[in-house]
Amino acid sequence: MSVAKSNPTLPIEGHDHIQGSIKAPVALVEYGDYECPYCGQAYPIVKAVQKRLGNRLCFAFRNFPLANMHPHAEHAAEAAEAAAAQGRFWEMHDLLYENQVALDDADLEEYASTLGLDSQRLMEEVRSGAHTARIREDFRGGARNGVNGTPTFFINGERYDGELSEEALLEALGESDE
Amino acid sequence: MGPLIAHQHRLSCVSEAETLKATKPTPEIRFFLTRRKSKQVGTFIFMNVINKPVSERTQPKTNGSAALPAGTPAPDFELKSTPDQTVRLSEFRGQPVVLAFYPADWSPVCGDQMALYNEMLSEFQEYRAELLGISVDGPWCHAAFCHDRKLHFPLLSDFEPKGDVARRYGVYCDKDGVCERALFVIDAEGVIYWSYVSPIGVNPGAAGILSALEEMKNKKETK
Numbered sequence: 000m001s002v003a004k005s006n007p008t009l010p011i012e013g014h015d016h017i018q019g020s021i022k023a024p025v026a027l028v029e030y031g032d033y034e035c036p037y038c039g040q041a042y043p044i045v046k047a048v049q050k051r052l053g054n055r056l057c058f059a060f061r062n063f064p065l066a067n068m069h070p071h072a073e074h075a076a077e078a079a080e081a082a083a084a085q086g087r088f089w090e091m092h093d094l095l096y097e098n099q100v101a102l103d104d105a106d107l108e109e110y111a112s113t114l115g116l117d118s119q120r121l122m123e124e125v126r127s128g129a130h131t132a133r134i135r136e137d138f139r140g141g142a143r144n145g146v147n148g149t150p151t152f153f154i155n156g157e158r159y160d161g162e163l164s165e166e167a168l169l170e171a172l173g174e175s176d177e
Numbered sequence: 000m001g002p003l004i005a006h007q008h009r010l011s012c013v014s015e016a017e018t019l020k021a022t023k024p025t026p027e028i029r030f031f032l033t034r035r036k037s038k039q040v041g042t043f044i045f046m047n048v049i050n051k052p053v054s055e056r057t058q059p060k061t062n063g064s065a066a067l068p069a070g071t072p073a074p075d076f077e078l079k080s081t082p083d084q085t086v087r088l089s090e091f092r093g094q095p096v097v098l099a100f101y102p103a104d105w106s107p108v109c110g111d112q113m114a115l116y117n118e119m120l121s122e123f124q125e126y127r128a129e130l131l132g133i134s135v136d137g138p139w140c141h142a143a144f145c146h147d148r149k150l151h152f153p154l155l156s157d158f159e160p161k162g163d164v165a166r167r168y169g170v171y172c173d174k175d176g177v178c179e180r181a182l183f184v185i186d187a188e189g190v191i192y193w194s195y196v197s198p199i200g201v202n203p204g205a206a207g208i209l210s211a212l213e214e215m216k217n218k219k220e221t222k
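These protein sequences, in sequence, are chains A and B. Numbering follows numbering that gives the first Met the number 0, with no gaps: position 163 of the first sequence is 162. Numbering follows numbering that gives the first Met the number 0, with no gaps: position 145 of the second sequence is 144.
You may find that some hints are simply not true.
Selected chain A positions facing chain B (Cβ under 8 Å, derived; list incomplete) [unchecked claim]:
1) L65
2) A66
3) N67
4) M68
5) R139
6) A142
7) R143
8) N144
9) G145
10) V146
11) N147
12) G148
Ranges of calculated distance between the beta carbons of each label pair, as one might list FRET restraints [as the list claims (entries may be wrong)]:
13) G115(A) to G189(B): 58 to 66 Å
14) Q94(B) to A129(A): 32 to 40 Å
15) E123(A) to E188(B): 47 to 55 Å
16) E90(B) to A132(A): 30 to 38 Å
17) W89(A) to Q84(B): 45 to 53 Å
It is worth saying that the hints were derived from the structure and are not from the lab. Quick caveat: nothing in here was measured; it's all calculated off a predicted structure. The beta-carbon is built from N, C-alpha and C at its ideal position, and this holds for glycine as well.
Generate the whole structure from the sequences, applying the supplied hints.
Dropping the structure here:
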């Protein structure tokens, strides 16, 4: 499969939060909401897929908080971005998905402390919406590119509408690599 | 593993009702399945319309009804938005209007589609576009649904005569007695600029609406 380099649903170096090399043969982009239960279900599946594919996979996460439906989603996304500002995006991303039922501001502050971050600064950024523009940009880009719910995955720039299981995802990723 | 049953995980995140559908196969777009070599058995495939240019997407049609196409003056209507208020389409002359016909309040896909649009209101407002949801549900049902889902745009009741507006737009499904899942983007002069009918179980998302609004805006600016 050939994919134009400008495809906005491919990981973007220097912009996206990325795990793995941008030059990896397979790219997986997730649009997610930290309070969405289906994203919570997807979380261990993505982890397993990452483990299986190792450095052959480039995984990027983008924000798609459905804030009216999920009252904690926006602040959770802010907290992850604020953690990114202190160089610890993925650690916060993982903590949030592992603790989806505890996403109050007090919980976010606790997670920041757990990660050894400057929790006061992090919470100031959360409360002031310091990263709102970035989150909104993710959201807008997603909506324009066919994200219609969460989680939505793109494999090598193409929306994946299949079953959400490790087996199905691996197969789709494998085929895309052919 | 037998033939992979494509379920609809994405249109989710609304309520427990959602989880019901996880076990229920839907005649969904699963175009990736076309690339599966050995396991597909009678997979029903729709075209993936999302990424096509607007001009290619404007070919509505399902269940034998034909949605009004681009270039048609949008039929005016007045429908209840609450038990004691009405909204008339022509009130919005001078600005774009997005009509989102959908089958029913509370059903999982509709809920997700409306939830998505609810998050996109600021995007629509950038184009000065007014969003109106329309189904055959009564105004009290809409009120409860709006309250539950914290929707911040009007849901109109095409309730009496039932489905009359949907029929005039060519998007009433007689068999099921509901509106089809249809989108119309209407320009400031009240003419349909773009229309699209989605398979009833598929959330059409917002990409088509946004590109139509963008195209309309660009055309206006180059005039």
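Results for each hint:
1. L65: Check passed: Cβ of L65(A) comes within 6 Å of chain B, closer than 8 Å.
2. A66: holds (7 Å)
3. N67: holds (4 Å)
4. M68: holds (5 Å)
5. R139: holds (6 Å)
6. A142: holds (5 Å)
7. R143: Result: holds, 5 Å to nearest chain B Cβ.
8. N144: OK, holds: N144(A) within 8 Å of chain B, min 7 Å.
9. G145: With a closest approach of 4 Å, the G145(A) hint holds.
10. V146: Nearest chain B Cβ about 7 Å off; hint holds.
11. N147: Where the cut-off is 8 Å and the nearest Cβ of chain B is about 3 Å from N147(A), the hint holds.
12. G148: With a closest approach of 4 Å, the G148(A) hint holds.
13. G115(A) to G189(B): 58 to 66 Å: holds (59 Å)
14. Q94(B) to A129(A): 32 to 40 Å: holds (33 Å)
15. E123(A) to E188(B): 47 to 55 Å: holds (48 Å)
16. E90(B) to A132(A): 30 to 38 Å: holds (33 Å)
17. W89(A) to Q84(B): 45 to 53 Å: The hint (45 to 53 Å, Cβ to Cβ) holds, given that W89(A) and Q84(B) are roughly 49 Å apart.
Figure legend: structure checked against the earlier numbered hints; every hint is met.
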